[in-house]
Amino acid sequence: MNFSPSTLIPAQDGLRSDPAICPTLFASHTCQQVNYRRPCTCPDTCAGLAAVSPVLQSWQIGCRLFSDTWAKESHIKASNSQKRGRPWEKNGDEERPTASEATPPHLADTTRRILVFGRRIQSSNPVSAAAYQYSQPDCILSDEQRRFYDKNGFLVIKNLVSEDKIDKYRERFEKVCTREVKIPGVIIMRDVAIAKSEFVPGEHAVTKIQDWMLDPVLFQYCCDPEILNYVEAFTGPDIAAMHTMVINKPPDPGSKSSRHPLHQDLHYFPFRPADRIVCSWTAMEKVDRSNGCLVVLPGSHTGDLKQHDYPEWEGGVNKMYHGVRDYSPDHPRVHLEMEKGDTVFFHPLLIHGSGMNRTQGFRKAISCHYASNHCYYIDVEGTVQENISSEVMKLARKRLGNNVKLSFKDVWRLRARLVKGQPGNMKVAAVPTSGGLSSVPASQEFRYTVDGGVLTNQQRKFYEENGFLVIKDLISHDKIDVYRQHFEDICRGDVTVPGLTIMKDISLVKSKSNLPKDSTSVNKIQNFQDDPVLMGYCADPKVLQYVESFSGPNISVVHTMLINKPPDSGSKSSRHPLHQDMYYFPWRPIDRVVCAWTAMEHVDRSNGCLVVLPGSHREGTIKEHGYPQWEGGVNYLYHGILDFDEKSPRVHLEMEKGDTVFFHPLLIHGSGMNRTQGFRKAISGHYSQTDLTIIDVTGTVQEKAQREQIERVFKKMKLSKDHPVTKMSMKKVTAVPTSGRLSSGPASQEFRYTVDGGVLTHDQRKSYEENGFLVIKDLLSHDKIDVYRQHFEDICRGDVTVPGLTIMKDISLVKSKAKVPKDSTSVTKIQNFQDDPVLMGYCADPKVLQYVESFSGPNISVVHTMLINKPPDPGSKSSRHPLHQDMYYFPWRPVDRVVCAWTAMEHVDRSNGCLVVLPGSHREGTIKEHGYPQWEERKNEEL
Numbered sequence: 001m002n003f004s005p006s007t008l009i010p011a012q013d014g015l016r017s018d019p020a021i022c023p024t025l026f027a028s029h030t031c032q033q034v035n036y037r038r039p040c041t042c043p044d045t046c047a048g049l050a051a052v053s054p055v056l057q058s059w060q061i062g063c064r065l066f067s068d069t070w071a072k073e074s075h076i077k078a079s080n081s082q083k084r085g086r087p088w089e090k091n092g093d094e095e096r097p098t099a100s101e102a103t104p105p106h107l108a109d110t111t112r113r114i115l116v117f118g119r120r121i122q123s124s125n126p127v128s129a130a131a132y133q134y135s136q137p138d139c140i141l142s143d144e145q146r147r148f149y150d151k152n153g154f155l156v157i158k159n160l161v162s163e164d165k166i167d168k169y170r171e172r173f174e175k176v177c178t179r180e181v182k183i184p185g186v187i188i189m190r191d192v193a194i195a196k197s198e199f200v201p202g203e204h205a206v207t208k209i210q211d212w213m214l215d216p217v218l219f220q221y222c223c224d225p226e227i228l229n230y231v232e233a234f235t236g237p238d239i240a241a242m243h244t245m246v247i248n249k250p251p252d253p254g255s256k257s258s259r260h261p262l263h264q265d266l267h268y269f270p271f272r273p274a275d276r277i278v279c280s281w282t283a284m285e286k287v288d289r290s291n292g293c294l295v296v297l298p299g300s301h302t303g304d305l306k307q308h309d310y311p312e313w314e315g316g317v318n319k320m321y322h323g324v325r326d327y328s329p330d331h332p333r334v335h336l337e338m339e340k341g342d343t344v345f346f347h348p349l350l351i352h353g354s355g356m357n358r359t360q361g362f363r364k365a366i367s368c369h370y371a372s373n374h375c376y377y378i379d380v381e382g383t384v385q386e387n388i389s390s391e392v393m394k395l396a397r398k399r400l401g402n403n404v405k406l407s408f409k410d411v412w413r414l415r416a417r418l419v420k421g422q423p424g425n426m427k428v429a430a431v432p433t434s435g436g437l438s439s440v441p442a443s444q445e446f447r448y449t450v451d452g453g454v455l456t457n458q459q460r461k462f463y464e465e466n467g468f469l470v471i472k473d474l475i476s477h478d479k480i481d482v483y484r485q486h487f488e489d490i491c492r493g494d495v496t497v498p499g500l501t502i503m504k505d506i507s508l509v510k511s512k513s514n515l516p517k518d519s520t521s522v523n524k525i526q527n528f529q530d531d532p533v534l535m536g537y538c539a540d541p542k543v544l545q546y547v548e549s550f551s552g553p554n555i556s557v558v559h560t561m562l563i564n565k566p567p568d569s570g571s572k573s574s575r576h577p578l579h580q581d582m583y584y585f586p587w588r589p590i591d592r593v594v595c596a597w598t599a600m601e602h603v604d605r606s607n608g609c610l611v612v613l614p615g616s617h618r619e620g621t622i623k624e625h626g627y628p629q630w631e632g633g634v635n636y637l638y639h640g641i642l643d644f645d646e647k648s649p650r651v652h653l654e655m656e657k658g659d660t661v662f663f664h665p666l667l668i669h670g671s672g673m674n675r676t677q678g679f680r681k682a683i684s685g686h687y688s689q690t691d692l693t694i695i696d697v698t699g700t701v702q703e704k705a706q707r708e709q710i711e712r713v714f715k716k717m718k719l720s721k722d723h724p725v726t727k728m729s730m731k732k733v734t735a736v737p738t739s740g741r742l743s744s745g746p747a748s749q750e751f752r753y754t755v756d757g758g759v760l761t762h763d764q765r766k767s768y769e770e771n772g773f774l775v776i777k778d779l780l781s782h783d784k785i786d787v788y789r790q791h792f793e794d795i796c797r798g799d800v801t802v803p804g805l806t807i808m809k810d811i812s813l814v815k816s817k818a819k820v821p822k823d824s825t826s827v828t829k830i831q832n833f834q835d836d837p838v839l840m841g842y843c844a845d846p847k848v849l850q851y852v853e854s855f856s857g858p859n860i861s862v863v864h865t866m867l868i869n870k871p872p873d874p875g876s877k878s879s880r881h882p883l884h885q886d887m888y889y890f891p892w893r894p895v896d897r898v899v900c901a902w903t904a905m906e907h908v909d910r911s912n913g914c915l916v917v918l919p920g921s922h923r924e925g926t927i928k929e930h931g932y933p934q935w936e937e938r939k940n941e942e943l
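Residue numbering for the sequence shown follows UniProt numbering, starting at 1 and increasing by one per position.
A portion of the hints provided could be inaccurate.
[Claimed, not checked] With a straight-line cut-off of 20 Å between C-alpha atoms, the simulated PhoX-like cross-links for lysine-lysine are:
#, residue 1, residue 2
1, K286, K208
2, K340, K208
3, K870, K822
4, K394, K409
5, K256, K208
6, K472, K542
7, K847, K777
8, K175, K208
9, K165, K340
10, K623, K647
11, K704, K623
12, K168, K394
13, K524, K340
14, K286, K340
It is worth saying that the hints were derived from the structure and are not from the lab.
Given the sequences, and given the hints that come with them, work out the whole structure.
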C-alpha cells in the first residue's frame, strides 16, 4: 500500500529542500520514564538480554544511561565538569552539542526542557507560557509579580503567615530543643562556636533543626494553603515538600560564625528541573541587617550552578555551610528586611546568604523547599555537586550504619512528602528505617485511600484502621465461571499464554508420579497480563472503581494470579505462611498499591480462607521473611515473616463466590490448609498508580526474594551462572523488554490506541486502531506554515538563536568537507525547539492539540520537536530515512499514549521523499531491534 497525502498543500515547483514541521511527539502526562540498557555501553549484558527477552514481564527497564538523556532542562546550563568528553559549540549564549559529534542525533541533545517528559501545553491558553519562564500561567501571581520574579528570582509576600501560627511553630521548636518532643529523623544542628564551647541547654544550643517532615505540628507550615497557593505558581499543581528547616540564628560570639556564606540551594539538590523548585522562607520575627536578614543577588538565578565549597573563615564555618566559589563581588545586593509573617519565595539558583547576628537575641525563620512532583532525580557524580554528595553520604552512613545501601538520591527520596495534587517521581526510597515507607504525610486523616473515590467515609475509616475491606458480591457468577473454564483450558494445554508462570504444590513435585495434564496438578498461575480473558478480571469496571479509591485515577496492574489451593495431602503444604505482599515487589510508593482478591467459590476456614492481622499495615515496615521450617516442606516463594507477635488478633475472611477483598501490601496475611476434597480457587490482581517508581532492593530485607526470583528467571532462560545478565539486580531483570504488549491497557478493549471524548469520529478511530496513522487534510493554514518556514530560514542564517536547539547536516555534506553556505541549504533538520516561541506555536496550535488529545488524553506534554528539510539527493542516496519505529528512541511509557503530529510544509509525494508507513505494524506491540543499515547492500533503493 502506497499512501500519498497529495492534497495536503498545493504543489511547489522545482527540486529543492522539502521542509516538514515536526514530527512533534506528544505524550500524556501520565506517561512515565523508563530506563534502557544501551548496547553501546554494556554490550555483553545487552546481548544476553536480546537472547532471552521474550520470557520476562516488563516492570521497568534498567540502566539510567539512556533515560538521563531525556531528563535535563535547557535553562540549567551544565558546568564544565558536567560536560565531560563531549564537544560543544555555541548557539548564542547557550551551549549545545555539535551536530557532527559521533553520538546519534536522537541522543545528542541533553538540554531539552521538559515538564514530566515535555513542556506542558495548556489548550485554553496555548502560548502564554512563553512569556514567563519561571512561573506558571493562570496562577495567583499578578503580571507585575511574575515579571519581578522572572527578573530577580525572588518575591516577598507581606504578612502571609499569621502570628498565631508562627507562635505555635516557635513553641514546638522550643520543645524539640528541650527534648520534650522527639521527631523521627530530625537533624539538630549547633553553631560551630557553640559546639567548641561548653554545652548550652535548650534552644540556645541549637542553630537549626531540619527534616521534620514527620512532625504533625511543624509540617502544618508545609501544608498551609496560603503558602501552597503561591508555591503552585512556581511548581505547578502537584507539589512535594523536599526539605524543611527552622533556623535559629544565634547572636554572633565574635567569630562571625553566625554568617551564612553566599550560596545556591540547588547545590544541595539532586533533582531537576530547577525552574520547578522553589523555597518559601518565613520570618518568625522582625529580621533586618542587625540580626542577619537574608541578602540576595537579584537576577543571579538566570546563571549557572556554581562551584561551592567551605569558605576560609578564621572563626570557622558551620557544617554544610558551603559558599559559592566564583561570583562577581560587584553584583548588586538586596537585604531582605521583613516583618513577622512575611514570606519570601525564591529560585534555587538565586545566590543568597545572610550576615552576622549582631543583636543579643536569636533570629528565627521557618522554611520549606518544594518541587513539582514531576521533577526527576539525577546522578551528580562528576559534577560540581559531587563534593556535597560525598559529605551528605558520609553523614548518612554515620547515622544509619555502613550496611545500609543508600545513594544521594535515596537520601532525598526519603525526605519527599506529598503536600498537594497527585504523586509523581519524587518518591520515598525503600531503605529499612524506623519510619514509614509512604510518600504521604502521616498527619493526613486518610493516608491509605484517596479522595473522590466510591468508598464511603465509614469504609475509608475501616480500611485506614484495618488495612483491608471486603465488598460483597462484586463479580458476577457468570464472569467467574468464564475465568474458571479458561483456567482449565490453560492447564490442559488448550490455551497458551505468553509469559505465564504455572506452579505446582510441593507435595506433588516430591511424589515424582506422573501428573495429569489438568488443573489438579496446578496450584497457581501468575503473570497472565497477556491473556485477554483473564485480564477481563483486572480491567473489570466494578473492580477498577474500587481500586481507584486506593491507587488514584491512573492505574496499572502489576501482578496477577489465579490460585487453585489443592486438598492438603497430609503434609500441610497447602498452607501459605503469614507474609506481606510488598516483600516481593520493588515498587513505590507503597500506599498507592492495593490487591484485589476475589473468591471464585465459597471460602471458609475448612478450605483455607485468607487470614489477616488487622492493622498490621500501619507499622509501615517490611518485615524480615524466610522459608518457615515445616516438616512437609514449603512451596516455592512461599516466604513467611520470621518474627511477629503470635498473640496478634487474627481475622479469617470467610467469603462467598464473587466477594472481593481489597488489602494493603503491608498487611500481614496468609491462608490455612485446605481440609476439604475440593480445590479452592481465587483470582487476584495487584494494582498501583501508573507513575510508580521501581527501586533497587539490594541491601534491604527484600534482597532474598530478589535473588530467588532472579535465579528462577535465569533457570527459565537456561542461562549459565557466569552469564553477564546474572549480575543484574531485580530492578533491571524485571525490566527486560518482552515480546508482549507495552501498553498498560488490556488488548481486548475496542479502542486501545485512542481515548474517548475526543474529536475523532468512530470511523477515524477504527482506521487509526487498524492502521496506526490518520491523515487530517488541510489542518494548518498556509499563512502559519509560511511563518514557520521563514523562521527556519532565519535560524539557518544565524539571524535567530534558539537555546538548546540541535542543527543537523546531511552526511554527504559532512563528507564533502566543502565550505558549507550559512543558509537552509546546508541544514537537513533542526530539533528540540521547545524554547522557540515561534515554532512552539505549532506545538501549541489548538487545531493540532484537539487531535492530539484523542490519542494522549487531556493532559499533554510535547516531548520531541523537529523541522525536517530533506535535501535533493546528491547521488549517494543519503537523503533516505530507513524504516524505523520512533519508540526506539524514547524512554516513555505507556506507548499507546504517545503520538506524533507531522505536518507537510509543501506538497510531498514519492518524488521528493514522502513518508512511507507499514499499516498495522504498531499492533505487534514490540520495539524491534534497530541498527545502521548497510545501504550499499540493500536491494530496496527507496528505503
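So, going through the hints one by one against the coordinates:
1. K286 / K208: Distance ~18 Å between K286 and K208 Cα, so the pair holds.
2. K340 / K208: holds (18 Å)
3. K870 / K822: Holds, at about 17 Å.
4. K394 / K409: Holds: K394 and K409 sit about 14 Å apart, inside 20 Å.
5. K256 / K208: Roughly 17 Å separates the two Cα atoms, so the pair holds.
6. K472 / K542: holds (12 Å)
7. K847 / K777: holds (12 Å)
8. K175 / K208: holds (13 Å)
9. K165 / K340: holds (11 Å)
10. K623 / K647: holds (17 Å)
11. K704 / K623: holds (12 Å)
12. K168 / K394: Violated: K168 and K394 sit about 34 Å apart, past 20 Å.
13. K524 / K340: Given that 20 Å is the threshold and the Cα spacing comes to 64 Å, the pair is violated.
14. K286 / K340: holds (5 Å)
Against the hints set out earlier in the document, violations occur for numbers 12, 13.
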